[in-house]
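Student: Input sequences plus hints: build the corresponding full structure.
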Amino acid sequence: MSLTAILNFWRRAVLVMLMLTLAPCALAAETANIDAALLAPLADGDTGAKLQAISQLGQLPHPRAAQILEALASENLYATPGGRILILLGDKRAMDPVAGEQLDLPADADSIVINNRLRRAITGALAVSQLFSENPQVRLAAARRLQQSGDASTVALIAQALAKETNPDVRAALEIAHASLELKSPDPALRKHAAEALGNTNNGAFRPILAGMLARDAGGAYTEPDEAVRAAATAALKRIDRHLSTIEWAGNLFYGVSLGSVLLLAALGLAITFGLMGVINMAHGELLMIGAYVTYLMQLLFRQFAPAWIDWYVIAALPMAFLATAAVGMALERTVIQWLYGRPLETLLATWGISLILMQGVRTIFGAQNVEVSNPSWMSGGVTLLGGLVLSYNRLAIIVFALLVVFFVWLLLNHTRLGLFVRAITQNRRMADCVGVPTGRIDMLAFGLGSGIAGLGGVALSQLGNVGPDLGRGYLVDSFMVVVLGGVGQLAGTVIAAMGLGSINKFLEPWAGAVMAKITILVLIVLFVQKRPQGLFAPRGRSVE
Amino acid sequence: MLDVQAVNQYYGGSHTLRGVSLALKRGECLALLGRNGVGKTTLLKCLMGVLPIASGSVRFDGVDISRLAPHERAARGIAYVPQGRDIFARLTVEENILMGMAAKPAASARRIKGEIFELFPVLRTMLARRGGDLSGGQQQQLAIARALVAEPRLVILDEPTEGIQPSIIKDIAKVIRLLRERGDIGILLCEQYFDFARELADQFVVLSRGEVVAAGDKSQIGGDDVRRHLSV
Amino acid sequence: MSAPYTPAAPGRLQPGQRLFSPKAWAGLLAAVAVLALLPLLNLALPPGHPLHVSSYTVALLGKFMCYAMAALALDLVWGYAGILSLGHGVFFALGGYAHGMYLMRAIGRDGVYQSHLPDFMVFLDWKEYPWYWAFTDHFLYAMLLVVLVPGALAFIFGYFAFRSRIKGVYFSIITQAMTFAAMLLFFRNDTGFGGNNGFTDFKRILGFDITAPDTRAALYWTTLAALAAALVAARAVTQSKLGRVLTALRDSESRLRFIGYDPLGFKLFVWTLSAVMCGIAGALYVPQVGIINPGEMSTETSIEMVIWVATGGRGTLIGPIVGAGAVNGLKTWFTSVLPEFWLYALGLIFVLTTLFLPQGIVGLLRQLASRRYARKTP
Amino acid sequence: MKPSRARQLQELQAALLMADSGSDAPYGRVASPGVDTRHGVILYLEGITVSFDGFKALNNLSLDIGVGELRCVIGPNGAGKTTMMDVITGKTAPTSGTAFFGQNIDLTKLGETEIAHAGIGRKFQRPTVFENHSVFENLELAMKADKRVKPTLFARLTGEQADAIDSTLELIRLKHEVWRPAGLLSHGQKQWLEIGMLLMQEPQLLLLDEPVAGMTDAETERTGELLNELKGRHSLMVVEHDMDFVASIAGAGKVTVLHEGSVLAEGTMAQVQADQRVIEVYLGR
Amino acid sequence: ADTIKVGILHSLSGTMAISETSLKDVALMTIEEINAGGGVLGKQLEPVVVDPASNWPLFAEKARQLLAQDKVSVVFGAWTSVSRKSVLPVFKELNGLLFYPVQYEGEELEKNVFYTGAAPNQQAIPAVEYLMSEDGGGARRFVLLGTDYVYPRTTNKILRAFLHSKGVKDSDIEEVYTPFGHADYQTIVANIKKFSTGGKTAVVSTINGDSNVPFYKELGNAGLKATDVPVVAFSVGEEELRGVDAKPLVGHLAAWNYFQSIKNPVNAAFIDKWKAYAKAKNLPNAATVVTNDPMEATYIGIHMWKQAVEQAKSTDVDKVIAAMGGQTFTAPDGFTIQMDKTNHHLHKPVYIGEIKGDGQFNVVWKTKGPIRAQPWSPYIAGNESKQGL
Ligand SMILES: Nc1ncnc2c1ncn2[C@@H]1O[C@H](COP(=O)(O)OP(=O)(O)OP(=O)(O)O)[C@@H](O)[C@H]1O
Ligand SMILES: Nc1ncnc2c1ncn2[C@@H]1O[C@H](COP(=O)(O)OP(=O)(O)OP(=O)(O)O)[C@@H](O)[C@H]1O
Ligand SMILES: [Mg+2]
Ligand SMILES: [Mg+2]
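Protein chains in written order, with the working numbering: chain Y, 2 to 546; chain G, 697 to 928; chain A, 208 to 585; chain U, 2 to 286; chain W, 424 to 812.
Looking from chain A toward chain W, a few residues come up when the C-beta cut is under 7 Å (computed):
| # | residue |
| --- | --- |
| 1 | Tyr263 |
| 2 | Asn396 |
| 3 | Thr407 |
| 4 | Thr418 |
| 5 | Gly502 |
Keeping only pairs whose Cα atoms sit at most 27 Å apart, straight-line, the calculated DSSO-like set for lysine-lysine is:
| # | chain 1 | residue 1 | chain 2 | residue 2 |
| --- | --- | --- | --- | --- |
| 6 | W | Lys494 | A | Lys410 |
| 7 | W | Lys742 | W | Lys764 |
| 8 | W | Lys617 | Y | Lys239 |
| 9 | W | Lys764 | W | Lys736 |
| 10 | W | Lys742 | W | Lys515 |
| 11 | Y | Lys532 | U | Lys110 |
| 12 | Y | Lys185 | W | Lys623 |
| 13 | W | Lys592 | A | Lys334 |
It is worth saying that the hints were derived from the structure and are not from the lab.
Bear in mind that the values here come from a model prediction, so they are computed numbers and not experimental data.
Glycine included, every Cβ here is placed at the ideal spot set by N, Cα and C.
Tutor: Spelled out as structure tokens, the structure:
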């Protein structure tokens with residue numbers, strides 16, 4: 002049983018319960034019965050007929066009407082060859098909405114196919130009925146949807162709803178919805194008011210309507226005849242535009258920071274294995290990849306054994322990915338890399354070989370194709386700020402996570418002796434040995450740590466993009482750039498470089514385009530290194546020689 | 697406490713140490729003398745375990761340590777001041793000194809004991825400076841400090857006075873004397889500064905072309921035999 | 208990044224002494240002779256003949272020799288001057304593109320759209336050649352570009368990088384940035400080099416049918432001659448006092464300044480020389496493989512070049528040639544016999560080479576030779 | 002033993018002299034724009050301050066060295082002696098102050114390479130040689146020649162140059178190690194090799210930072226002799242902590258004592274050794 | 424020889440392995456099927472698999488090896504246009520035969536190649552027509568979003584010309600390109616959102632390979648639903664969706680000539696065969712294998728070649744080419760499709776599907792029957808005169 006099915010089941014169950022509790026007050030509505038003939042076009046009508054049926058269902062004040070629409074939207078409405086319409090309740094159980102009885106889903110019943118047009122119609126239809134829902138949240142969402150619809154036929158309904166509405170948020174939303182319809186009113190004062198109201202929303206969605214008022218027709222006459230209304234529309238447009246540019250700016254900043262966190266997570270492990278230990282670790286990308294595949298495996302495990310906890314598989318994947326990649330890293334260190342210290346360029350060759358092997362290994366085990374890793378529900382979607390800027394939860398989670406990992410690394414490196422020992426070893430392996438550092442063990446631990454961090458990065462990356470054998474290659478160059486730009490061996494430098502690269506990229510992209518932005522960034526890196534030949538935080542003085 | 701028997705060492709084809717034997721007792725200072733390039737540093741490296749020996753044995757407190765890694769020897773209480781200082785250039789002075797205590801458990805290696813700064817006051821003022829930025833002499837002082845904070849039972853010093861100002865050389869001599877007087881530490885001192893060595897040594901060994909050509913106690917150190925092996 | 212790297216054999220040669228030992232000369236000439244013979248065996252003998260060499264083999268070897276030349280060029284900067292370039296692909300590709308421009312124009316009106324413009328330009332509605340395509344219909348001018356374009360890019364890039372004293376990994380990484388940026392640039396259709404398809408479907412070179420066996424043979428011989436010349440030139444440079452300055456540069460650049468050498472000039476010289484050599488290799492490569500596209504500028508390609516050098520033996524000149532041949536030969540072989548598992552084999556070989564042949568294949572051979580020598584003269 | 006050493010020294014002197022006079026011959030094009038030493042001074046340091054993040058390694062240091070003078074500089078560890086040499090050779094840019102080579106060459110405006118061309122050579126405190134190059138190659142690289150790219154590419158070792166290398170090898174006693182990589186030499190041998198490299202450079206001003214550190218007494222003595230020979234024809238600045246050695250080369254010449262980045266005392270060895278402040282901060286009681 | 428050698432030239436490593444590996448497997452399956460049915464001309468087929476490793480010059484080398492060394496009678500392979508372009512000269516020079524199974528940008532016709540994938544008019548144009556239709560949402564503004572290389576550039580050029588012909592103004596078309604392997608679509612999605620406030624908007628995506636997943640994830644999380652701004656993609660099929668959580672994508676579209684969800688007996692058999700093969704060969708993730716358009720095209724190609732060989736009674740390239748024209752085959756896409764006599768492309772039906780939560784497609788629109796390919800798009804000036812070979 003898949004995740005969707007479970008969720009749907011619960012949604013369904015809650016809905017049914019709701020219906021039952023509402024049943025007494027909806028008694029009056031019971032009279033208007035759901036008619037099989039009304040539903041028939043859903044099964045075999047053409048699009049027009051289906052649209053009509055949906056619209057009728059939307060106006061039907063029957064609780065099951067909404068249920069039918071919802072089922073249709075989520076592809077849970079079935080039809081038998083005989084034209085009987087059934088709502089799938091989950092687990093092969095179905096309900097006949099006409100009779101209201103439950104039965105087993107007949108084997109020959111088929112899900113009713115809908116397309117985007119129908120889907121849109123369903124949302125619209127549901128919105129109208131939802132305007133009168135008990136739940137203010139539902140009402141609010143419905144009102145918001147109606148703001149954009151511009152369907153004049155709803156104006157009476159909105160007015161009706163507005164009259165009853167007590168919740169201030171919903172009222173405000175309804176007023177805007179009303180205003181957007183008022184724009185079509187013949188009364189200039191109403192139109193002016195509407196334009197002002199729309200301007201106050203700061204919502205870019207109203208821009209075209211307002212701009213439309215200022216447009217001229219072929220004869221040179223304004224669409225909006227009234228001077229004062231036009232002035233109001235102009236002011237409203239300005240206001241919206243100002244707001245939009247604020248949003249854009251804030252958006253770029255957020256996108257920059259979020260891209261920066263991704264780069265940071267991709268690079269942090271390398272900051273240890275390469276920055277601190279001096280291993281030109283070409284297999285770094287593959288360690289990221291392993292982290293991502295561990296996430297995938299955890300998801301499979303959860304689906305199999307703990308479907309109720311599926312939303313938390315990512316959390317569980319963190320320690321597992323850390324341990325798994327750390328183990329791989331330590332194994333590599335002991336078998337290959339430990340013989341190559343002091344010959345950094347040879348590490349390039351060997352780790353390149355390792356990366357080929359790891360990549361092909363994953364292809365053999367999991368196939369060359371990507372595997373599916375889905376965002377847990379708490380990481381899907383986003384929060385809307387400033388009325389238009391969507392900060393998606395997975396990005397937010399990754400920013401927070403990146404900061405946590407940086408903190409963790411910082412703690413380990415600066416508040417345990419490990420960091421000191423690692424730095425001492427890379428600077429003078431022999432002397433570190435002489436003062437009593439068990440170099441072999443420290444190397445192994447440090448490489449394991451770097452690899453483990455890469456694994457954590459892999460978990461994060463799995464939430465944003467592909468999980469496939471090539472995952473690592475895409476991040477390899479970027480990771481090296483970040484580490485080098487920050488100054489090899491400088492944690493703070495790595496953080497700043499990642500954030501800097503991310504932000505510059507995102508501020509460049511809107512006007513240069515993604516391709517030129519990327520090229521520009523690379524050129525900037527080349528130029529920057531001219532100014533700071535040892536990276537951002539380069540130690541200076543005698544000690545560097 | 698230290699007993700070296702017939703140690704041979706080769707660099708590729710060249711036979712650098714030829715059957716070197718020496719013994720050092722607790723509370724004594726042994727001076728290792730010899731011209732440039734005779735193998736003094738090589739011998740000390742073999743004792744520390746930085747270089748493997750081809751044959752022979754090195755025993756410390758009666759245990760054969762000739763196959764142990766340097767850090768295992770450090771853990772047994774051997775500290776080393778190498779020729780050329782080998783400061784961790786990009787660690788701060790403080791971190792360099794902390795590294796000296798690497799062989800100790802972490803809990804007892806958090807703080808640096810103040811005594812060391814009495815001997816080398818400059819280091820206290822430069823704790824935050826990077827080791828590599830120090831002047832040559834300061835680095836040498838740091839190297840000695842790093843060895844002493846380990847509270848070793850055997851100190852191996854390879855030309856500790858190189859590049860150090862005269863007044864501090866006197867101080868270092870004082871410290872070595874002090875350590876020797878404590879009686880529980882062995883000191884192996886390789887030194888070109890003859891007067892310094894003579895002043896501190898209880899025993900001496902002269903190397904020439906990788907062989908022990910003369911050995912004896914304090915009283916014999918000024919003898920012609922020794923001088924002959926030290927002049928060009 | 209100054210790896211404690213010791214040349215496989217200490218330079219026993221007195222400075223200013225001959226280029227190769229007589230034995231080495233003999234070996235070199237023999238190798239060239241054998242390689243030169245192969246196309247003849249292909250042209251002269253019928254396919255059934257036991258000594259017949261298939262045209263596939265000849266084409267393959269021709270390609271490998273181009274790779275070998277690129278590896279040789281890389282060894283000059285990496286093995287001797289210690290400058291690790293992770294961006295040599297860009298020089299290779301630029302040389303290839305420069306020659307490719309000529310080859311595209313040599314197609315004439317035989318393209319799909321029968322225009323005087325290359326197909327991709329017709330397709331983009333371009334009516335004229337952009338300015339940078341001017342004169343590329345002249346072979347000699349194109350050859351000049353083959354040398355000048357990679358050379359100029361290397362010179363400018365090198366000048367700024369070396370002047371700022373960018374070293375070690377920092378240099379490596381910005382060369383990577385350079386090639387990556389170039390790749391993205393060449394991927395764009397608007398850049399005027401055919402986007403990611405690059406140039407292909409060449410018809411003729413200097414009026415000869417490019418697919419004719421004897422044209423192929425001629426290209427092969429040209430490549431062989433170029434490779435041999437490059438080897439001798441590289442050897443001459445590394446055996447000169449300048450070669451010793453380069454290795455000194457690799458080990459301790461600042462010390463070199465204090466005795467009066469300005470590293471900038473030396474680095475720039477060898478860097479540019481290497482880029483030009485690489486560009487020539489690229490130019491020879493294009494007519495033989497029949498395509499040049501931005502893939503050659505990908506970071507992977509450049510890293511692979513480094514791997515050829517390392518596998519063959521860094522700082523030995525002959526090593527990179529051997530390495531390029533060996534790695535690519537194995538790749539060719541593995542991709543046919545072990546199509547699904549060849550990456551394991553190749554990866555394993557890289558790992559084992561580093562672990563057990565730190566001086567590469569040539570280092571191993573030298574070691575074996577000196578051991579034999581030692582046994583003979585106890 | 003003695004006579005042969007004397008002969009070597011003579012040979013070396015001869016080589017150096019030849020180079021001095023024959024400025025037209027093979028190296029014509031490198032010839033530095035002539036150091037103007039009309040006032041008899043080869044090096045002026047005037048108010049030099051070097052500070053590292055606020056710490057003043059040199060503090061308003063003024064010092065000058067005459068043509069042909071052998072100047073000993075002593076001072077406590079960290080006094081700024083090496084930093085001073087760094088400033089002279091262009092490794093460190095002074096925060097303020099001027100440094101002139103002769104009357105006319107402003108050292109603060111030149112890079113390391115140009116300064117070396119102008120005629121200043123340096124031996125570092127820690128021996129720094131090209132570890133992967135043989136002893137011979139180290140000397141060859143250091144040898145005075147046109148050190149630009151093209152001449153270097155086509156350089157051929159002339160008989161004279163080979164001889165000069167040979168006699169230097171003799172002098173630094175590394176004849177039997179000619180083809181060993183310098184990295185494999187012992188510490189003392191590296192010291193000698195670096196001195197040899199310095200001599201091959203034939204500079205007008207030689208800066209020697211602790212030349213005898215790690216040498217045996219006998220070798221120290223030999224070095225002293227060598228420096229004494231060079232005195233007069235070349236100008237030298239020697240930094241050492243070995244007082245006996247300093248006394249032996251300073252003779253009646255001036256010794257400068259640095260302390261905390263500026264000159265603490267200056268005078269003959271005897272005067273300086275008697276100075277209470279010097280005893281306090283440097284010599285110890 | 425008692426076998427007929429058949430070359431399979433698909434990348435099994437490198438960036439393209441993700442798409443091409445399954446084509447190799449389908450090809451092997453088809454060959455096995457043919458062999459089980461008695462082979463061709465009474466001989467068994469012997470597949471020669473090589474790995475060109477997503478490296479274009481290596482494609483040329485391997486093609487030469489297959490033709491010159493291994494002497495294969497036909498090669499099935501290549502995915503990207505550049506790999507096809509790279510091997511073309513080799514096929515022409517050695518007079519080999521290549522079957523190319525992937526939709527591409529057209530503007531090409533070679534005697535030695537049979538194109539079993541779609542030309543732009545068999546995929547892109549119907550898709551945009553659909554988006555403009557009432558059912559498709561009546562889009563009036565278009566974002567043409569692609570990876571910066573030839574296929575997207577060409578397709579978008581054709582689409583732009585097509586949109587012009589439908590009266591769409593340039594100000595209502597936005598062309599956006601991203602580099603290969605681009606993984607950060609935040610800005611682009613934000614821009615699409617902004618652009619869509621200007622009127623009914625649809626996105627035509629020619630994003631290549633690995634970039635699709637980050638794009639769709641971003642789209643989903645930014646709250647752009649298919650009902651607001653539908654995205655139609657030409658490179659996203661069942662195989663690609665296997666690697667994605669398809670739920671946020673529901674309602675977005677793809678245009679192909681085949682979907683696994685098409686219901687007919689031929690397709691059912693094809694799917695079963697593939698599933699059984701995957702299980703028998705223990706392919707990775709055998710339990711979840713799917714079929715897709717290029718796989719079907721590969722399958723058709725091999726069968727048609729077999730028919731042509733049998734008709735020509737020879738594997739001789741020229742004879743087979745001559746026999747190929749007019750071959751018909753009852754394909755899993757539900758029609759008996761035909762190889763065009765003159766342009767070496769298949770007549771194919773076009774389907775538009777909406778993504779479902781399970782990674783399959785709902786067919787929401789289809790052509791009445793197979794349509795003829797126009798490799799030379801009439802929307803590109805100068806192509807009018809070009810038709811067949
Ligand atoms: N790594 C090495 N490989 C080969 N030979 C070496 C190596 N290190 C030192 N040698 C040689 O071994 C001999 C002994 O060197 P060692 O450093 O032990 O001398 P030393 O007595 O310490 O001299 P010094 O007084 O100059 O420090 C020298 O001839 C030196 O050239
Ligand atoms: N880059 C730097 N950053 C901070 N301090 C520095 C730096 N370089 C030098 N110093 C400090 O400057 C002072 C002068 O150092 P210098 O090396 O010149 O001393 P010195 O006189 O040569 O000493 P010694 O006799 O020990 O060689 C020292 O205290 C040193 O720590
Ligand atoms: Mg020594
Ligand atoms: Mg000093």
